[in-house]
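Trainee: The hints should help you fit chain X onto chain R, whose structure is shown.
Here's the letter readout for the chains.
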Amino acid sequence: MNGVGSVRELERETEKESILHLMDGRVKLILLIFIIVYAVFSTQIVVLAFLELYLLILIYISQVSFKSSFKRILLLLPFGGFIIAFQPFIHPGDVIWTGIFGLQVTQQGLMWAVLLMSRLIVALTSIVLLSSISPMQEVAQSFRKLGMPRELAMIFSLMIRFLFMFYDELHRIMHAQKARCFDAFNKKIPYKWRMKQLGYTVAMMFLRAYEQGETIYMSMVSRGFSDQSNFYQDRKKKLGKTEYAYIGVTVLLVVCLQVLAMTHFYELGVLGMNII
Amino acid sequence: MKLRKVILVLNNIPLTPLRKKQKRGGEKLHIPDGFLSWTWPIYYVIMFVALYFSLKWARKNLDEKLIPLIAVLSAGIFAIMSMNMPIPFGTSGHMLGGALVAIVFLAPEAAVLVLFIVLLVQALFFGDGGITALGANVVNMGLIGGAVAYFSFRGLEKFTGKYPAAAIAAWLSLFIAAEVVAVEMWLAGTFPLDIGLASMGIYHAFIGVIEAILTVVVLIALDKLRPDLLAWNRGKTSGGQKLEESEEVAAK
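From first to last, the protein sequence lines are chains R and X. Per our numbering, residue 1 is the first one in the first sequence, and the count goes up by one each step. Per our numbering, residue 1001 is the first one in the second sequence, and the count goes up by one each step.
Same shape as in the complex, but just chain R (with noise of 0.2 Å):
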């Protein structure tokens, strides 16, 4: 999963000052999952095609590292690519290639494949981008802008502020284990012993994040906060242009997209079959 290193490094991506990292929260929170939705709906190749070029272009345009963000899209696609490898082989459809114990690959089954592959690398080229362009408090207060329950936005809120210190809490722990030579992946030392010391890190982290909690909670108290307290909210800022050209180009880009989806991209073959 996601060590210190990428989430500092996340953190250091969003302090560019490009027009997207400039733009208000919510309109680039709202965009990006609008996109995401698209292309869960879509069924035609082009159509996702398209939209990988048009947040490739927002990649450039947000001064974002090409190489590292194709790094994290490549580190988080075989999450999905287990399933996705078996797809050619069980849907069932037109026989295109034939192999050993009579595994049979489909033509159907493999469109299936190449549009699942498709969502799947532009749901995660928008979350790279997303989290490359928004620093996650931000993200936490434009949830609450647009209506989460206050209790939920404060835990949201509060929980990244922890984040960060509680990995290097985890961090410290594993270092001491290091340090007095503990590998949980030692084949020598009993398992039984191995799983007694983990257990005892991760009650440790447990009982540190408890008790945090509970000093946290005194301190907060201390300084005057109740059941009935807000977090501290910036007054609503209006959206200036760029936000509504941003907005424009996005949504005239998924019309347009829509509309070619329906009456023309037919016409490309297997690249605007609609796949169901």
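Hint data in this document are derived by calculation from the structure and do not stem from the laboratory. Treat the hints with care, since some could be wrong.
Claimed, not checked - Derived DEER-like restraints, expressed as beta-carbon distance ranges:
id, chain 1, residue 1, chain 2, residue 2, range
1, X, 1154, R, 214, 25 to 31 Å
2, X, 1186, R, 65, 38 to 44 Å
3, X, 1158, R, 96, 57 to 63 Å
4, R, 188, X, 1164, 25 to 31 Å
5, R, 262, X, 1049, 32 to 38 Å
6, X, 1164, R, 108, 44 to 50 Å
7, R, 71, X, 1154, 42 to 48 Å
8, X, 1164, R, 273, 51 to 57 Å
Stated by the list, open to error - Stretches of chain R that chain X covers, calculated by requiring three or more beta carbons in the stretch to come under 8 Å of a beta carbon on chain X:
id, segment
9, 37 to 43
10, 145 to 152
11, 185 to 195
12, 206 to 220
What the hints assert, rightly or not - Simulated crosslink set (EDC-like; lysine to aspartate or glutamate; CA at most 20 Å straight-line):
id, chain 1, residue 1, chain 2, residue 2
13, X, 1060, R, 151
14, R, 67, R, 52
15, R, 71, R, 9
16, X, 1224, R, 211
17, X, 1224, R, 151
18, R, 196, X, 1223
19, R, 67, R, 11
20, R, 145, R, 243
21, R, 241, R, 24
22, R, 238, R, 24
23, R, 67, R, 9
24, R, 241, R, 17
25, R, 71, R, 11
26, R, 16, R, 138
27, X, 1056, R, 151
Bear in mind the structure is a predicted one, so any value in this text is a computation, not a measurement. Backbone N, C-alpha and C define an ideal beta-carbon position, used for all residues, glycine too.
Mentor: This is chain X only, laid out in the frame that chain R set:
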């Protein structure tokens, strides 16, 4: 000669780094975007209903300590989920923590709240699980995982004792959540039911061992060090009592 060279090359491949890079079990429960076809809004509706009742439970049963506590616990669970652990037969997995939260608070609602926050952060910033699949992921790991853990723990503790019951409950919560993922994939037309149930079931039966052992170890440690944190030491509901009362239990 060529064969000898191939054998030599194969023998020299370092296996340990490969093993360390293997995918961790719990991640197979994180459904990505695009895999649920048209069915994903249904899980969002279920998630919102579950969240509504969880927040209602939280307001009723927990004191105002809830917000920082749940937030910091979510951060802790998030960090715990990043720990890679060995599983017999050479694979590795990580803990989910849903069962642990449900048993500590003796409420599946707590698991829904914590897992919602954890999965939201994972989906939004790290791509672990999709945005459109968030509803399904919260339903599987928070609602089903938490409810299975809570009810099986409650049902078994009288017969087996607390810790064996917690182990079975934690194992069951992961196993059933994994089987539900297979059913959801089948409903969406992404994966056949028989292969899905078999592969997810067998794989998570092993991964569940980690969840079971660690849940029990953590519960034993908590019972020794901070018994006041465990809901079973505090009466019927976890947060029903105020801090002073919890401290009294701890002092005992």
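Trainee: Take the hints in turn and mark each one as holding or not.
Mentor: Hints and how they fare:
1. 1154(X) to 214(R): 25 to 31 Å: 27 Å Cβ-Cβ, so the 25 to 31 Å window holds.
2. 1186(X) to 65(R): 38 to 44 Å: 40 Å, holds
3. 1158(X) to 96(R): 57 to 63 Å: 58 Å, holds
4. 188(R) to 1164(X): 25 to 31 Å: Since the Cβ atoms of residue 188(R) and residue 1164(X) sit about 30 Å apart, the hinted range of 25 to 31 Å holds.
5. 262(R) to 1049(X): 32 to 38 Å: With a Cβ separation near 35 Å, residue 262(R) and residue 1049(X) satisfy 32 to 38 Å, so the hint holds.
6. 1164(X) to 108(R): 44 to 50 Å: 48 Å, holds
7. 71(R) to 1154(X): 42 to 48 Å: Holds, since residue 71(R) and residue 1154(X) (Cβ atoms, about 46 Å apart) stay within the stated range.
8. 1164(X) to 273(R): 51 to 57 Å: About 55 Å separates the Cβ atoms of residue 1164(X) and residue 273(R), which means 51 to 57 Å holds.
9. 37 to 43: holds (count 4)
10. 145 to 152: Holds, because 3 residues of the segment 145 to 152 of chain R bring their Cβ atoms closer than 8 Å to Cβ atoms of chain X.
11. 185 to 195: holds (count 4)
12. 206 to 220: holds (count 12)
13. 1060(X) to 151(R): 13 Å, holds
14. 67(R) to 52(R): Holds - the C-alpha atoms of residue 52(R) and residue 67(R) are around 16 Å apart, at most 20 Å.
15. 71(R) to 9(R): 12 Å, holds
16. 1224(X) to 211(R): Holds - the C-alpha atoms of residue 211(R) and residue 1224(X) are around 15 Å apart, at most 20 Å.
17. 1224(X) to 151(R): 31 Å, violated
18. 196(R) to 1223(X): 16 Å, holds
19. 67(R) to 11(R): Distance ~16 Å between residue 67(R) and residue 11(R) Cα, so the pair holds.
20. 145(R) to 243(R): 16 Å, holds
21. 241(R) to 24(R): Roughly 11 Å separates the two Cα atoms, so the pair holds.
22. 238(R) to 24(R): 9 Å, holds
23. 67(R) to 9(R): 13 Å, holds
24. 241(R) to 17(R): Distance of about 17 Å is within 20 Å: holds.
25. 71(R) to 11(R): 16 Å, holds
26. 16(R) to 138(R): 14 Å, holds
27. 1056(X) to 151(R): Within the cut-off at roughly 11 Å; holds.
Of the numbered hints stated above, the single one contradicted by the structure is hint 17.
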